[in-house]
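Asks: If you're matching them up, the sequences are chains L and A in order. In case it helps, my numbering puts the first sequence at residues 57 to 474. In case it helps, my numbering puts the second sequence at residues 57 to 474.
No wet-lab data here; the hints were simulated from the structure. As the structure is a prediction and not an experimental result, all values here were calculated from the model. You may find that some hints are simply not true.
Identical chains blur together in the list; that is why a pair holds if it fits in one copy or across any two.
[Said to hold, decoys possible] The calculated DSS-like cross-link candidates involving lysine-lysine, where the alpha carbons are at most 30 angstroms apart (straight line), are:
(1) Lys322 <-> Lys435
(2) Lys440 <-> Lys156
(3) Lys200 <-> Lys110
(4) Lys58 <-> Lys422
(5) Lys178 <-> Lys435
(6) Lys135 <-> Lys276
(7) Lys135 <-> Lys381
(8) Lys135 <-> Lys103
2 protein chains.
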Amino acid sequence: MKAGIITIGDEILIGQTINTNAAFIGEQLTALQIEISHSSVVHDNIKDIIDEFKGAFENNDLVIVTGGLGPTHDDVTRKCIVQFFHTELVTDDEVLSDIKKFFEVRGRQLTKTNEEQSLIPKIAVPIRNSRGTAPGFWIEKGNKVFIAMPGVPYEMKGMMEGFVIPSLYEMIGKTKIYRRMVNILTTGIPESILFDKLGNLEELLSGASLAFLPSQFGVKMRVTAQGASEEFVKNKLDEIEQKMRSVVGRFIYGKGDDSLEGVISKLLIDRNLKLAVAESCTGGLIAHRITNIPGSSKFLERGIVAYSNASKVELLKVNEDSIAKYGSVSLEVARQMAEGIKAVSGSDIGLAITGIMGPTGATPNKPVGLVYIGVCDDKICTAKEFRFGDDRILNKDRASQAALEMLRRNLLGITYDD
Amino acid sequence: MKAGIITIGDEILIGQTINTNAAFIGEQLTALQIEISHSSVVHDNIKDIIDEFKGAFENNDLVIVTGGLGPTHDDVTRKCIVQFFHTELVTDDEVLSDIKKFFEVRGRQLTKTNEEQSLIPKIAVPIRNSRGTAPGFWIEKGNKVFIAMPGVPYEMKGMMEGFVIPSLYEMIGKTKIYRRMVNILTTGIPESILFDKLGNLEELLSGASLAFLPSQFGVKMRVTAQGASEEFVKNKLDEIEQKMRSVVGRFIYGKGDDSLEGVISKLLIDRNLKLAVAESCTGGLIAHRITNIPGSSKFLERGIVAYSNASKVELLKVNEDSIAKYGSVSLEVARQMAEGIKAVSGSDIGLAITGIMGPTGATPNKPVGLVYIGVCDDKICTAKEFRFGDDRILNKDRASQAALEMLRRNLLGITYDD
């Protein structure tokens, strides 16, 4: 089964909105073993949209469209569907009742504009929207499927999970070729060194394929294998993963959908350890990432964003003389911050970070991108220097990743020596 | 001038990486008044890539390609360019010296794989890469321009800003039709109510166009106008903006690239006020957003992530009896947290938030999505209840936005009554 994804909206084309919808849909279809042949973005323009519908519906078994179904004047997708499929609009009573309920629950008044969203193409099965007012459409024609959903990611996801994925799953049944991929997640090692360390790739992969996907959080290695049985494919992927781990295992923090913060959360919960975090340069990002994980309240005792020197002294018991002697961005102060947050919070582990994120704050000896990270547990307090780039936001990402990685290595007893 | 954007990479198609590159390029071209006709994503596959090159180069004056220029085996874009333009690879000495320097500065060893990145298509002008090793290519053929850049966003952006945009700007010179857009940013009001409040759109816009772009942070209204002179367009946009402000002004926190945290930073710095933030449910996200703004150290005194009840009592001086009586997620505790963080930090304003982000933590009386936000200044301490949805990550975004908006309204004396 081959699929095309169409995203409608000038805001995507001109870059005001990032196309997360196509990514989400791509991921879900891939999990269903549906191949995505092409993905495109088109203007909020009836002619362009209908042209794109034609090309995509001709070349694929499945077309998924998002965007342009909202209540306002610039939402033209419904009109295009009516023209493309030569159909007409009819009121759907269930959808109308959904919309009325949506407004009732929120204590908001129903407008005529909202009420008109219950008009759906006659040829379509409505996809009901539990998270908003615009319904989606499921259209079958000549063994092909055409799906349209609103562009609001949260609403689209609700429809995908509640209706589209189960329906597609039922339709495609079981396929005969098994294709699986695994993502091996590394951090703290550049792409080219990873590549060189892995050695002869043909030998390593023996028919499988490998892609390196670098970002500020590290390099993801995506391995894809296929074969006649699920077991064959699983064994091949396991074997490749093991070979990779034997060479670059210390840099691998997880696989698949793992996040570094998720991996750490699991380690801390399993070992029943309490963590406290003291952040200067990352300004709350480390605590934010940790608290994205459900259940983080079990182990995160507190976080302190100590931007000022005074707050470092008062809240983290950093020695004033050390700040004067070494500077607030120094190995010594990072170590003391980690020690301090551990002590004042009564936690098992203290994690601390101080650095210069830019664009300002550099001195002749301390450039933008210089970061010190400290970790303190019941046995030892250590700190380490890192050098990142000159972009403030990327530096915060990189620094938070390095800090979480240092915590992971501390928990697992992995050193930084080669 | 019409442009097509091509993004190469399976990782984008299957949704493992979100296509931020196309968004960035779209934004930059739009600013240069270049119309983006189409954007597409294709496989890491030589035939698919060359087919897409053909279609895009035929239909546009400018084609910008990203991805597939890295040092590893799955990077095939250079090969496709050589085939498509019937050219060959030659070593570029400047690029080679850039690569050598890149490794020298970082104290890393140059590998043969990296060295080979200095091979560039004979027909191309290399776009030098100050942030990585792979060069980009600028190719001119028959009045058309073809540009290829690496897919790593940070490297691509460096090339766009340092080379591509200035070169395109010089090429296109000045155009005769002026087209400008402005984004008016709102929060705390749903799309359909905004739409209804604006009334007769034709009258409001008189020829300009308007798009509503909702997200968890609010609704962006994008107004686009065109005309024969820059002044005409500017006046028209100003007039529309003023009309909008007269109806929904209290919900408008900024325009263009403004962020709510940036708007607040400016207000606090201008008034020389110190802020301290106490977060429970947002777990550091508010402090993170504020510290994304360069210069936030001028006004952010400290942030506390007080996840546990004990830390609320100890660090924020919340009354233990109040937690027992009202619960830690309550109007009263939010108010006390704001009062406490203001007092202990000696700041001018305390901002505090407590809530239930999900998936767990709900009680019969307190559903997931329930949030209380408190603000305390020298005159008054208030708190307000909000109800969001059931997705943890989106709830954190929404809650942080509502808290920053409550702070903005406090600073500007805007009430929540209609």
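Asks: Up to 30 angstroms between alpha-carbons, please classify Lys200 paired with Lys110: within, between, both or neither.
Replies: both (13 angstroms within a copy, 28 angstroms between copies)
Asks: From the Cα coordinates, with 30 angstroms as the cut-off, is the pair Lys58 and Lys422 best called within, between, both, or neither?
Replies: Intra 54 angstroms, inter 45 angstroms, cutoff 30 angstroms: neither.
Asks: Regarding Lys135 and Lys276, is the shortest C-alpha distance of 30 angstroms or less found within a copy, between copies, in both, or in neither?
Replies: Between copies only: 23 angstroms across chains, 42 angstroms inside a chain, cut-off 30 angstroms.
Asks: Please sort Lys440 with Lys156 into within, between, both or neither, judging by C-alpha distance up to 30 angstroms.
Replies: Result: close only across copies, 27 angstroms inter versus 58 angstroms intra.
Asks: As a check of your reading, is Lys135 near Lys103 (CA-CA no more than 30 angstroms) within one copy, between copies, both or neither?
Replies: Within. Shortest intra-copy distance 11 angstroms satisfies the 30 angstroms Cα cut-off; inter-copy 35 angstroms does not.
Asks: Between Lys322 and Lys435, at a C-alpha cutoff of 30 angstroms, which is it: within one copy, between copies, both, or neither?
Replies: within (21 angstroms within a copy, 45 angstroms between copies)
Asks: As a check of your reading, is Lys178 near Lys435 (CA-CA no more than 30 angstroms) within one copy, between copies, both or neither?
Replies: Neither: 70 angstroms inside a chain and 60 angstroms across chains, both beyond 30 angstroms.
Asks: How would you classify Lys135 and Lys381 at a CA-CA limit of 30 angstroms: within, between, both, or neither?
Replies: So Lys135 and Lys381 fail the 30 angstroms test inside a copy (70 angstroms) and across (55 angstroms) alike.
Violation of the numbered hints given earlier is confined to hints 4, 5, 7; the remaining hints are satisfied by the structure.
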